[in-house]
Structure formats: structure tokens, C-alpha cells
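**Student:** Residue strings, one per chain:
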Amino acid sequence: MTTLNINGELVRVDAEPSTPVLWALRDVLGMTGTKFGCGVAACGACTVHVNGQPTRSCVTPISAVVGQKITTIEGVGNGRVGKAVQAAWIAHDVAQCGYCQSGQIMSATGLLESNRKPTDADIDAAMAGNLCRCGTYQRIRAAIHDAAKSLA
Amino acid sequence: MDADRIALRLAGAAGPRTVPIDRRDFLRLTALAGGGLVIAWHAPFAAAAEGAAPGKPLPDPNPFVRINADNTVDILVNRLDFGQGALTALPMLLAEELDVDWSQVRAGLAPAADVYKDPFFGIQMTGGSNAINHSWLQYRQIGAVARAMLVAAAAEQWKVPVSSCTTGAGMVHSGARKASYAALAEAAARQPVPEKVALKSRAQFKIIGKGKGRLDAAAGATGGKKYGIDTRLPGMTVALLQRAPTFGGQVASFDATRALAIKGVRDIFQVPTDRGGTGVAIVAEGYWPAKQAREALQVTWKAGVGGTVSTDSLLASYREAARSPAVIARDHDMSAAAGAVRHVGGEYSFPYLAHAPMEPLNATFELKSGAATVMAGSQFQTIDQAAVAQTLGLKPEQVRLITLPAGGGFGRRAVPTSDYLREGAGIAKAWYERQGDKAGPVKVMWSREDDIRGGYYRPAHLHTVDAALDEKGKVLAWDHVIVGQSLVKGTPFEGFLVKDGVDGTMTEGVAENIYGLPMRLRITHPDVPVPVLWWRSVGNTHTAFVMETMADEVARAAGADPVAWRLDRYAAGKHERHSAALNLAVKKSGYGRPLPKGHAWGVAVHESFGSVVAYVVDVSVEDGRPRVHQATAGVHANLVVNPLAAEAQVQGAAIFGFAMTQPGFEITLKDGVVQQSQFTDFTPPRMTESFPVAVHFVPSEDPPTGLGEPGVPAIAPAVANALAVLTGKRLRKLPLELTA
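Top to bottom, those sequences are chains A and B.
Under the numbering used here, the first residue of the first sequence is numbered 1035, with each subsequent residue one higher.
Under the numbering used here, the first residue of the second sequence is numbered 47, with each subsequent residue one higher.
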């Protein structure tokens, strides 16, 4: 049994210590907002925050994040930046199929937490790890700029 | 709670809300406990499915729309939504004629049932960019019928003529009287379905033509949207399937000792797989133990039907086949070629491509005696339901298929063979047979590796074109050959789509001969044991590239501007929508104005699925790759129902189609084994390769045509045309190989 701090709550996870955070969230805890896309940290769909840092949960074992603060898409809106990003995402109607967007929102929030006025190059660097097969990149970029403005 | 009670999330109105959609509720014609249900979802009249066919009775609104006690309106969508926006656009049509405020509307995806069949295709499916086109009349009629029944109920209650009643924002008014739809709905449900209803004129539209955000946007942004892969049921297990390294390969023997020792693994057994193969299924308490067990499994294989394919030698054999093509798809006398002073054209080759939707394939099965429930992001409900039934030894009506939102598809969920659902049903069947009472629902999942290696690719094709020109660049003869696997040979679609040995899905985009060329088109469909499937925009992914780069080449050979050359041909052929789309893109892009050093303009235009998309792009070369700085789209899709979503479809399709040009975007095989397996070696564009697309629609009041696919075909040739200007070379092999 491993105890994790997820979205500010301590939760007990009955899983092997090597289990990736992704599968602990989805299969053990029933928190399905964090998505499985590749399993090898190549697509970003599974992005969560560990102590505020965007992290690929599909390759992060639960044993590595004991005692650390994990934030998921279900909890990121409790923060001012996450809430602004989610609002911008809805206002720009960013999502098409939407499957990658939990991860996109987590990466965008991570970017804006550390950089309140990101340039296009900053956005490229922060978002390059998040694939979107629907090709919503243009609206993602616009939504990030808009969220930045709303936080200024 | 079991699968019978699985909830459908309706999105919209007061935020996401869960409403049970047990199909038996539809069939029972009951109000939900707690009241408020007025026009109930229930069994439709048989004829109601023919909504859009002229001369048929009007559709019964009941299976499509429900008015709740709080005057919100639930609308069921007879399509899969996998990003294209049917979940929002079809309710817009219905809500317009029902005359409710958009804020009252919620929507969900309909399960498999006869009433939800496409009014034109006759099966329940989503494809060919037809959701809006085919339901344009149907969904408006349903809204208008429901409105008429509400008005009739009000007139009866108030003893006033129907003509004195008006509606708006979900209310009926007559003089000083007014009543909400919710208050009238029970009485409305008792009214006869009218024989005729008037639909609004374009000028009366309040919702259609206005940009509306996706109804599930809020749920999506907060992690609440449930896809097929998010299905969780009590007692549910997760299954993975170890398939053979080659298509149709079979298990020679396997040792599961180590795999079974992994905690959480419940069972391991051999099952049939696609194309006559066999594989080993692992059932576990979650994906992670199943994956670990699969890695610990020891299997020896017998090579399958696909054991010999190598893409290098395949290309060589296609090249050979192109010299003696089998079938004439379109004929023309080529003798004028003898008078040519020069020839342009050459050999074009296209690789296999995976669809790689972000949500890996999955389906959840729950079996009971003589009944089954399957939950999946199905794009072909009627076909998939029948396939699952056949695998399980049931009748189609004994299989409830619940349509869940899908994380992309691009064709991969529209499989004539229902490959992943048959395999999944086979695993579920064996699991229940082996475990008896200890079995429970099982979610069969694909890993990304399974997806990339799993076949059902956009087929590799080879085209050759020889355009014989006179001294002025006029085309004297156009000799065009296509070699490539048929998409539908051997499938239930063959009868509809293959005519005289020609698979029309592979010649679309050439055979229409939009430029009025002296064209001969010949084709060969080799049998290759690699499963193939339509990929967003189908044959147009090959044909538009060939035709639009050739058009550019021929125009330049004639010393003409490629835009002017096209416009001349469109005028000659009376292709007014092509002209309008291209003119709009040219005007909005500023085509022709000087660009920074190292940049060039590229243009391409293509019609597919009834819509014309013209791209003008500003391109340079960076690090040996094309870099698009700006794309401008001129689009003719007739009346645009939801401009916000339509714009997104074109923007996304441009990125999707651009992928074809990018190094690393191809599937290759060696001795039957797919050489790629992940997003690390099959590499779709990322934010860093993306580009802005300004989308402009030609104004029109004609019935809408599709937009899910038409944005794909023309972007790659537009980019290639710009590259030809920059490099002086014509690249005819995809993905493009540029040297910096």
C-alpha cells in the first residue's frame, strides 16, 4: 500500500510500487481524466504535475512520488493558473476529439506557472512533448496567450 | 451497477449531467421516475428512420429529443463524435427548428438501433464527411415536428387556433398566454405526428450559421469527458492481446508460467486473431499487470500470410505492375502524344500510413446468457454490432452496442471487418467460458505499439503520370496509372464501391478529371497481405497530391501562373465552386506579393466529399524540412452550420495532411514485420512543426457539404509546389526527402 498526495488529498493506493502513476490513477483510483496515449513519454497525454512540474505519469512509478504533490486534470482548476487555462481552452473551443487535451492543459499550466508572458518560442518548447492528432495546435497557442493575458 | 445501467454523459446546459440510457428505457416508452420526461425516448416507428427521404412519413421525434422538467432539451446524435463535432452540429439543426435557446440544449451519442441509421446509407455509421449533409433535413424535420406537436398541444389546451401560436426559447405563446415546452410536453407526446411541417427559411436561423463551442468542452477541459477507454465497471478486468509479429501469424506454442506469476494477472489463453491468425490473451486486474505479463510471456510463432512482405520489394513490384496495368478506369486516345515536344510527370510513391488516433483502440464487453453489451467508440455501429453478434453466436439484436466518444479515429474505427471488435469479442467469449461465474466485464485494450504495428494502414500506392505537351504547354495526352491495394476488395463494401474491377475509392480525385485533360487512367489492385483501410479523406490522400503537383508543373511548363492556369480550367469546366474557393484563398493570402528571401508561395485546390478546399501557403526550408509560415484556406462547403467547428476541422485537417510530407511519417515492413512501433519512430507533427491556418468560407445558402475530411488532401501538394519553386526540383516520393 502506497500513500500518495493527489490534488491535496492523501490517498492510499493498493498497487505494486513500480506501477506508473498513470495506471494508479486510472485503474486503481478511477481518476480517468489523465489519459494513456503511448506509455513511453512520447505523447504527453498522461501529463500530471509533480510539485508543480509537468511530468509524464506513464513512466513515473508511484514509488518515486511518495511525499510529493501530484496534481491531475481533475485538480488543476483549483489553482488560479489552471483555472485560467481551462477557461481559455473552453473560450477558444480548443478541443476536437479532446483526448490529448488533459495533457495539453497540464503542460500549458506548467508553462504559465513559471512564465507569465510566454513567447511563441516558449510555447513551442513547453508544448513540443504533447501530441495532438486532430491538429489543434493553433488554438492551443492562442489559448495559452489568452490565458497569459487573463493572468496579467 | 452493471453495464445495463452505464450512464451516458450528456453535455451542455447546466454542465455535464449523467442520464441513464439503458436502451430498454427507449423501448419501454416510460417516463423516467421523478417526472419531467415528456417527449420520451422510445421505440420508433419503422418508417421513421427514413427521415430525409422525400415522400416518406416525417420522423418521429421521440427517439431523438427529450424535453426535461427544467425545460432543458436532450438531443441524441446518430453519429460517433471523434472530434469532428457532430455532437454539437446535429443538435444545432434540431434546436433551430424546435425553437429553443441554445443554452437549453444537451446532447449525447445514440446507441446502435435501427432508427439511428444514416438516412442515405441505410446503416448506422459515421463516414464520408456526411454527418451534417445526410442529417441536414432529418434533424431539422425532427425539431420541426416536435415543435408542431408542442404547438398543437398548446392550441388544444387554450382552445385557440394553431396559427395564433408562436414559439421562441422553448416557450409557446398565444396572445397573453404562454407555456414552457416542459409544461406542454406530456400533452404534446399524445398529439399525432404531423404529415407536413414547414422548415425555417435561412433568414430565420438563430442558431445555424452561428459559431457554437463543443457541448462537451467544459467536461473535456476538466477531465470529466468519458471515452471508451475510460469505461469502468464493477468486477471489470483488462485484457491485452499478444499478436503475431506478422499479419495472420499463429501461435506455435507459448509458456505463460512467468506471466501468470505476476500479481494481478487472472488468466492467459490462446484466441483467434484477425486474418486467420491466433494470439495469446492476457486478462488482468488492470493495464499495468496485463502489460507486464505480456512482456513476460514466451511465445513462438508460425509466420502468417503477411510473412513475406517487404516494402522495398513491394515498391519494385508496383513499379513493374505499372508497366502493364490491368484495368482501364477511364479511357482516352493517347495517339496525340506522338506530337509532343516535351513530357512532364514521373513516378509518385506513397507509403503505408497508420491512423494513430490518440485514444488507442479499445472495447468493453459484458456477456450474459443470450445477450451481450459492448461499449466502444464505434464508427460503424450496424456492422460492428453484427460482427460482435456473429463472434458470440448471438443475433445482432441480442447485442447492445453503446456508442462512446472516441479520441480520434481518422478511419481506424470504421473497419469493414470489425477487426478489433471481433478480436475483443473472441477474448470476452473465451474469458467467460473459462471463468464461468467468476468472469465479469472485460475491457480489451490496445497499446500504442499494437496500434502502430496493427495494420489497417492507408495503402502504399504508386502512380505514374506522363503528360505530353505541345510547344505552348498544352496537354496533348495524359497517361495515368495507379497501382495499389483496393480498400474494399473482399469486404462487404466491395459490391458498392468496386465497379468493373476499379475501386472507386482509389481513383477518386483523378477520375473526375476536373481540369478537362485528355486523360487515360489505368489501375491495378495487387493483392498484398497487409490489411489496409481508409485514412481521413480516403483515396484523395494520394490523388490530390499527384493531380495538384502535376497541375502546377503543367502550368509552369506553359509559362502560366499556377493560379491563373487553374482558374482558366475551372471556368472552362464550369467548376464555379473551385474558382470561388481559390479566388478567396488568393485574395485573403495576398498571393503573389513578395515574400522574405528563401520563402515561396504554393497553391493547391481539391474537391472531396462535396467540398472544395484551396490552400495558399508560404513555405521555406528549415533543417531539411518544409516549414509552413502561414496557410490560407478558401473553402466552399455550402452553408456552414457551425463556423467555429468548421474552421477547426480545416485547421486540424491541414496539420493532418501536412504530416504526409514529414520525414518519419511512414510505415515500412521488412519480411512481414512492421518496422515502426511508437510515436518515436512514427512521428506526427507537433506544436513545433505546426502552422497557422486562416480559414475563409465562401458564403452560400445551399445545403451543407462535409468538412471532416476535405481539408486534408490539398495541403501536401500546396507545400510541395512551394518547395519546387524553392529547390527547382519536383519531389514525387512521400514523405518528402529534402536535403538542406
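Among the clues, some could well be false.
Said to hold, decoys possible - Per label pair, the in silico range of CB-to-CB distance:
1) A/Ala1098 <-> B/Arg248: 29 to 37 Å
2) B/His675 <-> A/Ala1159: 17 to 25 Å
3) B/His389 <-> A/Ala1155: 26 to 34 Å
4) A/Ala1155 <-> B/Ser299: 17 to 25 Å
5) A/Ala1098 <-> B/Pro572: 46 to 54 Å
6) B/Lys348 <-> A/Glu1043: 49 to 57 Å
7) B/Pro749 <-> A/Pro1051: 57 to 65 Å
8) A/Ala1159 <-> B/Gly482: 33 to 41 Å
9) B/His675 <-> A/Leu1185: 48 to 56 Å
10) A/Glu1043 <-> B/Glu241: 30 to 38 Å
11) A/Ala1159 <-> B/Ser415: 53 to 61 Å
12) B/Asp669 <-> A/Arg1046: 45 to 53 Å
To be verified - In the SDA-like style, the derived pairs of lysine to any residue whose C-alpha atoms are separated by at most 20 Å in a straight line are:
13) B/Lys545 <-> B/Asp377
14) A/Lys1117 <-> B/Lys309
15) B/Lys337 <-> A/Lys1117
16) B/Lys309 <-> A/Arg1046
To be clear, the hints were calculated from the coordinates, so they are not data collected in a lab.
Every value quoted in this text rests on a predicted model; they were computed, and no experiment measured them.
Ideal placement from N, C-alpha and C gives every residue a C-beta, glycine not left out.
**Student:** Any of the earlier hints contradicted here, and which numbers?
**Tutor:** As far as the earlier hints go, 1, 3, 4, 8, 9, 10, 14, 15 are violated by this structure, in ascending order.
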